[in-house]
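Here is how the chains run, residue by residue.
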Amino acid sequence: MPLKDQLDALRTEDYANAPPDVTLARQRAVDDLIASGLAERAVHAGRLAPAFRLRDGNGVVMSSHEWLAAGPMVLVFYRGHWCPYCNADLRAIESAADDIRSLGASVFAVSQQTPCESRETVRLNGLTFPSLVDRGGKLAYAFGLRWKVSAELRALQEACGTDLSILNGEPSWTLTMPARYVVAPDGMVEYTDISIDYTRRCDPADLLPVLRHLSARSNH
Amino acid sequence: MNDRLTALKLFVRAGRVGNFSIAGRELGLSQPSASRLIAALEGDVGTALFRRTTRAVTLTEAGATYLMRIDAILAALDEADHEARGTGELRGALRIGTSSSFVLREIIPRLPRFMIEHPALRIELLSNDRYQDLVTEGIDVAFRFGPLPDSSATARKLMDVQRVLTAAPSYLDARGTPTMPSDLAHHSVIIGPAHLSPTFSFRKDGRIASVRVDSHLTVTITEGAIAGAVAGLGIAASSLNSVRTELESGALVRVLPDWDFGSMEINALFVNGKAIKPAARAFTDFLLGELRA
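The listed protein sequences correspond, in order, to chains A and B. Going letter by letter, the first sequence gives residues 1 to 220 in my numbering. Going letter by letter, the second sequence gives residues 1 to 293 in my numbering.
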């Protein structure tokens with residue numbers, strides 16, 4: 001099933017099952033994000049991608065500098081495995097991972113989750129790419145994707161058992177807007193797709209035209 | 001009396017552009033006549049209004065204060081004449097500043113309807129796709145797109161216009177039709193004043209997608225970018241208004257019509273701190289009525 005259909009099904013289920021006040025609070029959070037203009041100010045195509053040196057769930061250090069030397073990079077920012085939309089998203093990326101790699105690109109997922117939760121995300125979704133630990137969302141902040149959860153939303157999440165201070169291992173209660181970045185070997189962002197509404201994600205197939213173009217360019 | 005009035009009008013223009021010869025030309029005076037009139041004015045007023053150097057002419061402190069007062073007086077005189085006339089008929093000169101696209105497509109086609117109502121009004125259209133300095137260019141009202149560069153002008157928003165991407169059918173046949181923003185990576189975009197960077201951003205379904213696009217052609221006027229698109233040279237970004245004719249004739253088609261490419265404001269700009277000429281106000285109201293129709 002295409003990612004869009006999966007997400008639509010999840011959303012329908014959510015509206016049906018979640019109490020109205022929860023749905024309203026989540027919608028309000030999305031509306032606030034849209035109103036804040038945060039996504040407009042995030043790093044977009046045509047800018048240099050902030051560099052990173054992060055560990056994956058197993059403590060192995062990955063550096064953007066090293067990996068870009070080998071080819072373009074696909075960076076997938078997500079919230080956590082506690083978010084069913086993120087799981088669907090990551091599984092869709094996994095389905096496209098071979099295609100992405102055959103075009104010479106590396107794939108990295110990034111979230112604010114602890115190493116333990118990052119490992120769990122990889123295991124749960126059968127990922128063949130690492131999930132990097134962005135503690136405190138410092139990299140997300142550099143990309144302009146990090147936002148602070150409102151008191152209302154926090155109360156709801158705690159009630160649902162999603163305690164971000166435990167899942168992310170620090171008390172800031174900030175989250176990362178889901179986003180995909182295609183970064184060229186020279187560090188330039190070639191393509192981005194930022195989800196202000198966390199229930200909507202771009203299909204991984206959308207990344208392929210850009211990667212093909214980069215691959216063709218590097219062959220000249 | 002008329003001599004004194006002419007001298008005052010000349011003084012205001014010379015004070016703004018810093019040049020007697022240019023100011024004189026605007027009023028149909030030779031440089032020597034202009035210099036003479038200013039000298040006579042300084043004699044009448046009893047103080048030097050200008051400091052003359054080999055390179056330029058600048059206002060003295062007294063001249064700068066005098067300029068502000070005289071400017072307001074001339075504007076009030078203009079209003080008084082207009083009111084006394086009582087017919088709403090406009091006279092004198094109206095200097096309008098705007099971009100190439102807007103002057104060709106939106107202003108000039110509508111001018112006959114306006115000018116027939118005001119046969120005694122002389123209109124000067126100053127078309128420039130780059131920044132126009134309202135003060136030094138003596139512009140009474142400027143119609144500009146996009147965000148305002150600074151707060152040096154008083155703005156009255158006319159409307160929002162949709163931004164679009166367009167290309168010639170021949171270009172799309174040869175290079176393929178993009179179905180999503182990332183497809184643009186394979187395409188060539190024509191860079192013009194309406195969109196200066198090779199990055200395009202789109203909104204759809206609660207997401208923002210942006211893509212870097214290659215460009216092989218840059219043009220300094222929007223009309224040039226549109227002509228380039230019609231000639232099949234690439235994809236052009238512009239306001240919907242700027243390509244309406246071409247879209248209707250089929251010379252251009254919309255690219256990625258399902259994606260929101262944003263909008264921009266059309267603003268009427270007036271010089272800060274200066275009374276708005278009746279002719280400028282009347283033309284702005286006229287244009288607004290026409291655009292909204």
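Simulated from the structure, these hints should not be mistaken for lab results. Predicted, not measured: the structure shown is a model, and the values here were computed from it. Do not rely on the hints blindly, as some may be mistaken.
What the hints assert, rightly or not - Think about it this way: if two alpha-carbon atoms lie no more than 25 Å apart in a straight line, the pair counts; the simulated SDA-like pairs of lysine to any residue are: (1) A:Lys4 <-> B:Ser170; (2) A:Lys138 <-> A:Ala205; (3) B:Lys204 <-> A:Arg11; (4) B:Lys204 <-> A:Ala29; (5) B:Lys204 <-> A:Arg41; (6) B:Lys204 <-> A:Met188; (7) A:Lys4 <-> B:Glu290; (8) B:Lys274 <-> A:Leu167; (9) B:Lys204 <-> A:Trp67; (10) B:Lys204 <-> A:Thr12; (11) B:Lys157 <-> A:Trp67; (12) B:Lys204 <-> A:Leu38; (13) B:Lys204 <-> A:Gly46; (14) A:Lys4 <-> B:Glu61; (15) A:Lys138 <-> B:Gly206.
Tested hints:
no.	hint	in the structure
1	A:Lys4 <-> B:Ser170	violated, 33 Å
2	A:Lys138 <-> A:Ala205	violated, 28 Å
3	B:Lys204 <-> A:Arg11	holds, 17 Å
4	B:Lys204 <-> A:Ala29	holds, 18 Å
5	B:Lys204 <-> A:Arg41	holds, 17 Å
6	B:Lys204 <-> A:Met188	holds, 24 Å
7	A:Lys4 <-> B:Glu290	violated, 43 Å
8	B:Lys274 <-> A:Leu167	violated, 60 Å
9	B:Lys204 <-> A:Trp67	violated, 31 Å
10	B:Lys204 <-> A:Thr12	holds, 19 Å
11	B:Lys157 <-> A:Trp67	violated, 49 Å
12	B:Lys204 <-> A:Leu38	holds, 16 Å
13	B:Lys204 <-> A:Gly46	holds, 20 Å
14	A:Lys4 <-> B:Glu61	violated, 69 Å
15	A:Lys138 <-> B:Gly206	holds, 24 Å
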